[in-house]
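Chains A and B supply the protein sequences, listed in that same order. Heads up, the first sequence is in my numbering, so the first residue is 1 and it goes up one at a time. Heads up, the second sequence is in my numbering, so the first residue is 1 and it goes up one at a time.
One or more of the hints may lead you astray.
Each pair may be met inside one copy or between any two copies, as identical chains are not told apart.
SDA-like, lysine to any residue: derived pairs with alpha carbons at most 20 Å apart [unchecked claim]:
hint : residue 1 : residue 2
1    : Lys62     : Gly140
2    : Lys62     : Trp188
3    : Lys62     : Asp95
4    : Lys62     : Gln143
5    : Lys175    : Met127
6    : Lys175    : Pro92
7    : Lys175    : Thr29
8    : Lys62     : Pro164
9    : Lys175    : Val24
10   : Lys62     : Ala133
11   : Lys175    : Ala56
12   : Lys175    : Pro38
13   : Lys175    : Asn42
14   : Lys175    : Ile185
15   : Lys175    : Arg28
16   : Lys175    : Asp158
17   : Lys175    : Gly43
18   : Lys62     : Val24
19   : Lys62     : Ser97
20   : Lys62     : Ala74
21   : Lys62     : Arg94
22   : Lys175    : Ala21
23   : Lys62     : Pro76
24   : Lys175    : Thr54
25   : Lys62     : Leu36
I should point out that these hints are in silico values taken from the structure, not numbers from a laboratory.
Protein chains: 2
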Amino acid sequence: MPDVLPALANRRARRAFDPRAVPVEIQRTLWEAVSLAPSHGNGQPVRLVAAEGTVAREALFKALSEGNRQWAGAAPLLVAVLANPQHDFEAPNRDGSTRELWPLHTGIAVGNLLAQATDLELVAHPMAGFDEAAVREALGIPQNVRVATVVAIGYPGDLADLVPDLRAREDAPRKRLPIENLVSIDRWDERQAVSARSPKEKK
Amino acid sequence: MPDVLPALANRRARRAFDPRAVPVEIQRTLWEAVSLAPSHGNGQPVRLVAAEGTVAREALFKALSEGNRQWAGAAPLLVAVLANPQHDFEAPNRDGSTRELWPLHTGIAVGNLLAQATDLELVAHPMAGFDEAAVREALGIPQNVRVATVVAIGYPGDLADLVPDLRAREDAPRKRLPIENLVSIDRWDERQAVSARSPKEKK
Numbered sequence: 001m002p003d004v005l006p007a008l009a010n011r012r013a014r015r016a017f018d019p020r021a022v023p024v025e026i027q028r029t030l031w032e033a034v035s036l037a038p039s040h041g042n043g044q045p046v047r048l049v050a051a052e053g054t055v056a057r058e059a060l061f062k063a064l065s066e067g068n069r070q071w072a073g074a075a076p077l078l079v080a081v082l083a084n085p086q087h088d089f090e091a092p093n094r095d096g097s098t099r100e101l102w103p104l105h106t107g108i109a110v111g112n113l114l115a116q117a118t119d120l121e122l123v124a125h126p127m128a129g130f131d132e133a134a135v136r137e138a139l140g141i142p143q144n145v146r147v148a149t150v151v152a153i154g155y156p157g158d159l160a161d162l163v164p165d166l167r168a169r170e171d172a173p174r175k176r177l178p179i180e181n182l183v184s185i186d187r188w189d190e191r192q193a194v195s196a197r198s199p200k201e202k203k
Numbered sequence: 001m002p003d004v005l006p007a008l009a010n011r012r013a014r015r016a017f018d019p020r021a022v023p024v025e026i027q028r029t030l031w032e033a034v035s036l037a038p039s040h041g042n043g044q045p046v047r048l049v050a051a052e053g054t055v056a057r058e059a060l061f062k063a064l065s066e067g068n069r070q071w072a073g074a075a076p077l078l079v080a081v082l083a084n085p086q087h088d089f090e091a092p093n094r095d096g097s098t099r100e101l102w103p104l105h106t107g108i109a110v111g112n113l114l115a116q117a118t119d120l121e122l123v124a125h126p127m128a129g130f131d132e133a134a135v136r137e138a139l140g141i142p143q144n145v146r147v148a149t150v151v152a153i154g155y156p157g158d159l160a161d162l163v164p165d166l167r168a169r170e171d172a173p174r175k176r177l178p179i180e181n182l183v184s185i186d187r188w189d190e191r192q193a194v195s196a197r198s199p200k201e202k203k
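Pulled out of the complex, with its shape left as it was, chain A reads as follows (with noise of 0.2 Å):
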């Protein structure tokens, strides 16, 4: 079996940072990144605000949650990732559903900006607990546009900086259910039933 691509195995979802701003042209290569991902018809609906200067960080942190409160106002740089649905398509069912393209096409993008930036040594945590109201409200954000994640981004800093549970969790094995739960072939599995939350039951 060939190795996984270091850029997706180094990634941890890590909260200490070091202070030191991230680089103009590394932040540019992030942004790349994100630009490369594929859209559907190449609406490109991902948009990003980054923000670095203190009165942003600031409003930024504040529509936070309480736990990611903790730690995340050590990462030198908070990006919104941001969608406009109206960039974006709604997919055709045959009986005329539609499916939500957009936070798909998000999503595609924030693992290119992850991987990116395992790649360049920096940690990269993307965030679901914020205000979405908040986060619009601080950065100026239109109201037809969605917030997708917040992601914390800065230098890998020390472990010492973290209150005692989350220092635990810096390091702490990975987990993921074996691989058969994960894909079957052909056909789907009962196996794949298994929840990671509730492992003795099937969802």
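Given the coordinates of chain A, assemble chain B onto it according to the supplied hints.
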């Protein structure tokens, strides 16, 4: 500016496939790459069904849109990327509204799949054009599991196998919005309202 990771820069949504099968050990690396994607609370909502056998591939092929049926039948491997929303979370906003996370998480996993495939010199082309119910039926997927995308995977093939208009697209120059329309620093910029689909309009 450091180079963008080749696994991201070399990815193209190609449509010409060599008929050669993707070896099992190569497939395994693709699944490991998908497994490594992050998810909130490590919920791991993503599942894959890889259609490789003749019956499964034909059934899944028929679930694709007419446009995709012009070329995707040549792919030796068609992978349905799925997610169970019950394995994932809805993130709360302060006003009580919520944001679904499974589509974002699925997109990140797809990003990993595409990057890993590109690194292995495979084509991996994610498709939005399919009928969700027909994909479920083709592969025995439960009703509560969503189909996010179907990815055509294989080694690159001969452009001569494609119809002329698809052949022209295969190696056409990549088009993306300028970086200043994608990213802004500290505050949303009106240039970000420009749409790739209708560049003269702001939406």
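Hint by hint, here is what the structure shows:
no.	hint	in the structure
1	Lys62 x Gly140	within (14 Å within a copy, 45 Å between copies)
2	Lys62 x Trp188	between (43 Å within a copy, 17 Å between copies)
3	Lys62 x Asp95	between (44 Å within a copy, 15 Å between copies)
4	Lys62 x Gln143	within (19 Å within a copy, 39 Å between copies)
5	Lys175 x Met127	within (19 Å within a copy, 30 Å between copies)
6	Lys175 x Pro92	neither (36 Å within a copy, 25 Å between copies)
7	Lys175 x Thr29	between (30 Å within a copy, 17 Å between copies)
8	Lys62 x Pro164	neither (23 Å within a copy, 54 Å between copies)
9	Lys175 x Val24	neither (34 Å within a copy, 23 Å between copies)
10	Lys62 x Ala133	within (12 Å within a copy, 42 Å between copies)
11	Lys175 x Ala56	neither (35 Å within a copy, 31 Å between copies)
12	Lys175 x Pro38	between (29 Å within a copy, 11 Å between copies)
13	Lys175 x Asn42	between (35 Å within a copy, 8 Å between copies)
14	Lys175 x Ile185	neither (23 Å within a copy, 35 Å between copies)
15	Lys175 x Arg28	between (32 Å within a copy, 18 Å between copies)
16	Lys175 x Asp158	neither (23 Å within a copy, 41 Å between copies)
17	Lys175 x Gly43	between (35 Å within a copy, 11 Å between copies)
18	Lys62 x Val24	neither (25 Å within a copy, 48 Å between copies)
19	Lys62 x Ser97	between (38 Å within a copy, 18 Å between copies)
20	Lys62 x Ala74	within (13 Å within a copy, 51 Å between copies)
21	Lys62 x Arg94	between (44 Å within a copy, 12 Å between copies)
22	Lys175 x Ala21	neither (31 Å within a copy, 31 Å between copies)
23	Lys62 x Pro76	within (15 Å within a copy, 49 Å between copies)
24	Lys175 x Thr54	neither (36 Å within a copy, 34 Å between copies)
25	Lys62 x Leu36	neither (31 Å within a copy, 30 Å between copies)
The structure fails to meet hints 6, 8, 9, 11, 14, 16, 18, 22, 24, 25 from the earlier list, while all remaining hints are met.
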